[in-house]
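Novice: Protein chains in written order, with numbering that gives the first Met the number 0: chain A, 0 to 240; chain B, 0 to 285.
Note that these hints are calculated values from the structure, not bench results. Don't take every hint at face value.
To be verified - Label-pair ranges, simulated between beta-carbon atoms:
1. 16/B / 226/A: 36 to 46 Å
2. 136/B / 206/A: 28 to 38 Å
3. 80/B / 114/A: 32 to 42 Å
4. 239/A / 113/B: 33 to 43 Å
5. 276/B / 162/A: 30 to 40 Å
6. 94/B / 226/A: 40 to 50 Å
7. 263/B / 162/A: 27 to 37 Å
8. 263/B / 226/A: 54 to 64 Å
9. 162/A / 251/B: 36 to 46 Å
10. 196/A / 16/B: 41 to 51 Å
11. 80/B / 141/A: 22 to 32 Å
12. 218/A / 94/B: 31 to 41 Å
13. 107/A / 241/B: 27 to 37 Å
14. 246/B / 118/A: 28 to 38 Å
Positions of the beta carbon are idealized from the N, C-alpha and C atoms, including for glycine.
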Amino acid sequence: MNKLIIAATLVAFATTATAQTVRMGTEGAYPPYNFINDNGEVDGFERDLGDMLCEIAGLDCVWVINDWDSIIPNLVSGNYDTIIAGMSITNERDEVIDFTQEYYPPDASAFVGLAGTSNDVKMSGIIAAQTNTIQASYIANSSATLVEFATADETIAAVRNGEADAVLADWGLLSDIVNESGGELAVVGDRVMIGGGVGMGIRESDNDLRDAFNAAIDQMKADGSLNALIAKWFDGLEAGY
Amino acid sequence: MEMCSDPSTLEGLNWWLCYLGTAKHQAFYLSFGTVLLLLALTAPVVMVLGFSGAMARRSGFPPLRWIGQLYTNLVRGVPDIIFFLFVPIAMDQGIEYIRHKIKCPDVTDPIRQGSDFVVCTAAKMPLGNSPQWMHEAYGFSLALIAFAIVFGAFAANTLHGAMNAVPKDQLETGSAFGMSERQVFWRIQVKQMWIYALPGLSNLWMILIKATPLLFLLGVEDIVYWARELGGSKTSRYTYPHPDWRLYYFAFLLVFYLFMTWASEKVLTRITKRLSHGQAISGAET
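With the hints as extra help, turn the sequences into a complete structure.
Specialist: This is the structure in structure tokens:
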């Protein structure tokens with residue numbers, strides 16, 4: 000009840016205040032980029048980054064969870080104002096939405112299968128990937144068979160239960176899972192570079208917001224805080240911004 | 000709870016107590032309330048829509064009859080999933096379009112810019128700076144309306160059939176006693192039709208219970224969303240790491256839905272008994 004009263008007072012104030020509220024859309028199922036922690040809050044690299052960017056840009060930000068599959072349509076129709084969900088900048092997406100400059104460098108993707116999986120599955124096996132990702136389109140254009148899943152977690156589960164021979168995903172996501180699997184999972188062959196860096200998705204009509212975030216990212220790159228944040232969340236990875 | 004402050008040191012029962020009591024699990028438990036609330040609110044709206052639809056189809060006034068027929072046939076013919084995706088988005092954009100026209104008459108930029116749907120800040124529904132619970136309540140309402148429209152069409156058809164199933168002799172007897180057409184309809188036809196409508200309506204209720212996971216499709220965080228989110232394997236990035244437990248979470252949902260079915264069956268049996276009183280049809284208790 001107290002919460003309701005507080006919320007109601009906040010509404011009353013918020014309508015008179017001029018501060019713009021920016022709704023940050025994320026998936027909440029892609030650790031360590033973004034995930035929902037046990038307190039039910041959005042957590043991860045992008046939560047830290049987003050909060051810092053909003054502070055620099057003087058924006059009042061709230062976090063919104065949305066399914067990966069419909070994350071672009073819901074941005075376009077105005078349910079939230081940005082996508083900050085480990086989304087690689089691609090030409091295909093750039094036709095529908097705009098991106099800020101990258102805040103995470105191009106990351107290698109890795110094939111991961113049960114330990115001892117042969118290198119051949121990359122050419123002729125069944126490969127799991129998350130729907131609408133650069134990895135899914137990479138497999139679709141290769142000779143391997145693609146099986147798509149709505150979440151990253153389901154792609155890993157498909158490998159564990161034998162539905163797929165291997166999963167192709169960002170190494171940032173997979174490294175924790177492989178390291179903590181106790182030898183059950185292993186990287187298959189070499190990593191592949193696909194796609195560009197990761198940026199924030201913004202509506203094409205929302206140039207002011209894009210410029211504000213670009214300036215904030217510039218500042219974080221210049222003062223080294225972005226490098227520190229990436230190292231903190233990705234096992235000391237050196238982004239070199 | 001104090002003992003939960005450092006979960007890595009917990010073991011056995013204490014770990015489970017803390018794990019099942021996290022804020023995330025509480026959201027899961029609350030989402031059962033969301034589903035029950037949806038059922039409780041949708042059912043009456045469905046009955047009202049269904050009854051109006053059935054009345055419209057019987058109307059002596061042709062345009063009204065056409066509307067009734069168009070509603071029942073169109074909605075029943077379109078696949079549910081398309082309807083559930085279309086109605087909330089169309090309603091949302093419709094509402095924002097109207098608000099935009101009223102609140103921001105000076106804005107001359109087109110609303111549709113490429114694939115973007117852009118209305119002025121004041122026309123947003125709910126407003127961008129509204130707290131998250133208002134956004135959720137709004138999404139829930141849109142979902143409720145979508146459910147009501149779809150199931151109302153089925154109910155209209157069921158009730159229309161039930162009205163026609165009341166024996167003509169009963170209606171004629173009413174007229175013979177000097178009742179007006181209106182009196183015959185309300186006092187004889189509507190009173191007696193329920194027993195014929197009940198099998199169809201109970202089917203509809205069962206399908207409605209089963210259809211609630213569609214809420215997730217509409218962006219409402221329902222029990223299926225939380226079961227999937229909580230059950231997925233968790234690395235040590237989370238406070239309570241665990242392997243893939245989706246099977247157990249979904250088994251729990253299975254128990255919930257079976258319980259709902261069992262409870263509904265009990266209630267429906269009682270209603271059937273009640274409505275059969277004094278009715279000269281098979282299965283009726285004398």
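Novice: Indicate, hint by hint, whether the structure satisfies it.
Specialist: Hints, verified against the model:
1. 16/B / 226/A: 36 to 46 Å: Given range 36 to 46 Å: holds, Cβ gap about 41 Å.
2. 136/B / 206/A: 28 to 38 Å: holds (32 Å)
3. 80/B / 114/A: 32 to 42 Å: holds (40 Å)
4. 239/A / 113/B: 33 to 43 Å: holds (35 Å)
5. 276/B / 162/A: 30 to 40 Å: violated (55 Å)
6. 94/B / 226/A: 40 to 50 Å: holds (45 Å)
7. 263/B / 162/A: 27 to 37 Å: Roughly 35 Å apart at Cβ, these two residues keep to the hinted range, so it holds.
8. 263/B / 226/A: 54 to 64 Å: holds (58 Å)
9. 162/A / 251/B: 36 to 46 Å: At roughly 23 Å between Cβ atoms, residue 251/B and residue 162/A fall outside 36 to 46 Å, so the hint is violated.
10. 196/A / 16/B: 41 to 51 Å: With a Cβ separation near 43 Å, residue 196/A and residue 16/B satisfy 41 to 51 Å, so the hint holds.
11. 80/B / 141/A: 22 to 32 Å: Since the Cβ atoms of residue 80/B and residue 141/A sit about 31 Å apart, the hinted range of 22 to 32 Å holds.
12. 218/A / 94/B: 31 to 41 Å: holds (38 Å)
13. 107/A / 241/B: 27 to 37 Å: Roughly 28 Å apart at Cβ, these two residues keep to the hinted range, so it holds.
14. 246/B / 118/A: 28 to 38 Å: holds (32 Å)
Figure legend: structure checked against the earlier numbered hints; hints not met, in rising order: 5 and 9.
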